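This is what each chain is made of:
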Amino acid sequence: MSMKEHNQPLQLNFSEEQGMLLDSAREFCRSRSDIFAVRALLEHELGYNESVWQEMADLGWLGVAVPEQYGGAELGIGSAVPIVECMGKALLSTPYISSTLVSQALLRGGSQGQKETFVPTIVEGTVAALATLENEDWGDEGVTVTASSDGSDLILSGIKTQVSDAAAAQLFLVSVLAEGQQQLLLVPASALSDNAIRPDTLIDETRRSARVDFTGARVSQENLLPGDFATVMRDIRLLGALLMASESTGSAAACMDVTVEYLKTRKQFGRLIGSYQALKHPMVDILCAIDSAKSFIYHAASVLGENALDETAEAACRMAKAQSVDALKFAGDRAVQFHGGMGFTYECDAQLYIRRAQWSQQAFGDAAHHRKRLAVLLLDS
Amino acid sequence: MQAEKPDPAALGEFRGEVSAWLADNKPQDPGFLLPQTFMEVGSEQQLDFLREWQYKLWSGGYLGVHWPEEYGGRGMDPTFQGVIDSELRRHHTPITFNVIGLGWAGPLILDIGTPEDKAKYIKGILSGEDIWCQGFSEPDNGSDLGNAQMRAVRDGDEYVVNGTKIWTTMGNYAKYMILLARTNPEAERKYDGLSFFLSPMDVEGIEARPIRKITGEYGFTETFFTDARIPASCLIGGEGRGWSVAMQTLQYERGAAAGSAGGQSQVRVVIDDMIDAIRGLKRDGEPVLSDPFARDELVKLIMEEKSLALADRRSRISGLCSDYPMSLPLSYKLRVSEYQRRMRQVAVELQGSLGGLYVGDDEVPAGGFWQRAYFNNFATTIGGGTSQIQSNIIAEQVLGLPKS
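If you read the sequences in order, they're chains A and B.
For the first sequence, this note's numbering begins at 447 and goes up steadily by one.
For the second sequence, this note's numbering begins at -11 and goes up steadily by one.
No wet-lab data here; the hints were simulated from the structure.
All figures in this text were calculated on a predicted structure; none of them were measured in a lab.
Take the hints with a grain of salt, since some may be wrong.
Facing chain B, from chain A, some residues (calculated, C-beta under 10 Å) [claimed, not checked]:
no., residue
1, 464
2, 469
3, 470
4, 719
5, 738
6, 814
All residues carry an ideal CB built from backbone N, CA and C; glycine is no exception.
This is chain A alone, in the form it adopts within the complex:
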């Protein structure tokens, strides 16, 4: 048999700590991010409420996956899954995923000094952003930003696109070509020139990203991460896929709830429209798709460790992303359709979900991207 991975015994665990995080995150997100709060932030420059962000840091959420020596709770990256799922359910956008991924990259590929200097500040709420997107399909070819030595420091040249949370970030982790090698480099926001950040107009108005011109930024050679670039990048992309999957699973569930509520109250032709099977059965398909997604994200959470991801973990993260964005796309699409004329309006909350679905599907690779890579893991010997 060539099927290497999917015959492994299935792991699906849910620790007491994860349960407590899920309960407190659910309550926190519900109270801090009701739909009015979400809408109030749509035109906000940073896209999030800074006091809510500070509360999240104070709750220790930015440190759940960080070892105690760097100020964290050392519960493993799987503990971020329930937090992000709840954020997704409440459409609570913050730089949580970006900052978590940068601290994970540092823990996995940083030097001792880099970990000691930067990770505790991220745990305390310093916003960090990942500037590693090279092309629109999230493939891993062609780093174009260069970092050339002027004898003592590195001078950057080039542009990164769609850098999430760039405007809020105090620290960037950038993929660069330095001495012909692809490497990861820490760049403080203070090193950027004026007007280096040009905000994007996003389909999901709850999010923020920007085009960042790193040209002219000068940073110390010591800001290069010594870890293996390919391994760290692969793991960060997979963790990004899992966190985006967790958020999407939460958003899809909220989208389904909004639609179900409408189907229970809207009458046409003298009947509640939720009694029509043409609307009922797709809702069941959506429920089952979300159930699948939820199983996959917690399965992935159960197989991740602090070391480089193995094939089981890789497959689990990819399955989680492929399944959850398909679920969210489906839920968002049907939410608009099933709200009828109301669904076509900006006023209807269905737009928040269908817009989020379009953004989330591409982030860290769309479903086809992950299935293509799963095929290699699962079908090729």
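Given chain A, put chain B in place with the hints provided.
Using the frame of chain A, we list chain B on its own:
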């Protein structure tokens, strides 16, 4: 039942014993296609083969081991039968075909039958000598079991039964039927008018006509009752209690721990079997497994199979089921049956031109196994409540949507 609680070492030893026995006693390939499920026994040839296999398994001491010794079991803990069942799957043995007896009637009789019932019925169920069938569905009441219209009228120490049952598995071979019939058409609630019988089949006025399926084969009958007189002693659970007895009966088939005698009612087919079956085929001159369309389809299927296995795990972790606690249990049948149908459908599709051939053709891949399996799988997406009825139930009970 005095059963000794097994320790892991005893179970491990027992597993070894069963495995060795199966290696020696598993039947050879008979040279004709065997049924994959108990709903597909369509010829005397298949029946004889399966009956012989079940007898061998039971007399070897590996079927219904947790049933009482006096009735043909061994009085062991159900965990031992669970070990046997997993070894049967692992050794890819044929099915234990007398499923309605082993998983439905037998445990029911052990639970609520009289000592006479137990002495009369249980051993024949285990040995395969007495085949049982199930008379629940009717031509006009497929998914709506509670609306069953077959009439049973008390006349002295007999009931006179009139009406028609359909989708009776092995109705033409069965000695007994578990029968749901209406004894009181005036009952206020339709459910309260039903009674449950252990009916003999060899009675004047009962005729089982085989139904030819889309596969061209047999496996079910339409069963006609015309003034059929069955003994009043066949009533089980009391008159008017038929619905709750029927619901109780449905609980056993979940496995040995739930009361079933064990064995396997179907040959498990997983995605790896399908991938192995198509591995040698080609598209555009290249192995089918390198074709981008095939790869994407196969990955989707692998994911769904994995997701179903994870659903089983997750349903036991309440903290991960708090949003919709009944979602996973109520949707499992829908998802598994639809997945299995889809997987078999893709297996036919990926055969290309060969998918146009059928059972009986010399060139058809795997003797037409996948073509036939695809068609037969509709028994699971239609039987036991169609996928569409399942969707209604989930929409109403899980999502709280209004009734259709």
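Structure-based check of all given hints:
{"no.": "1", "hint": "464", "in the structure": "8 Å, holds"}
{"no.": "2", "hint": "469", "in the structure": "9 Å, holds"}
{"no.": "3", "hint": "470", "in the structure": "13 Å, violated"}
{"no.": "4", "hint": "719", "in the structure": "9 Å, holds"}
{"no.": "5", "hint": "738", "in the structure": "4 Å, holds"}
{"no.": "6", "hint": "814", "in the structure": "7 Å, holds"}
The structure shown violates just one earlier hint, number 3.
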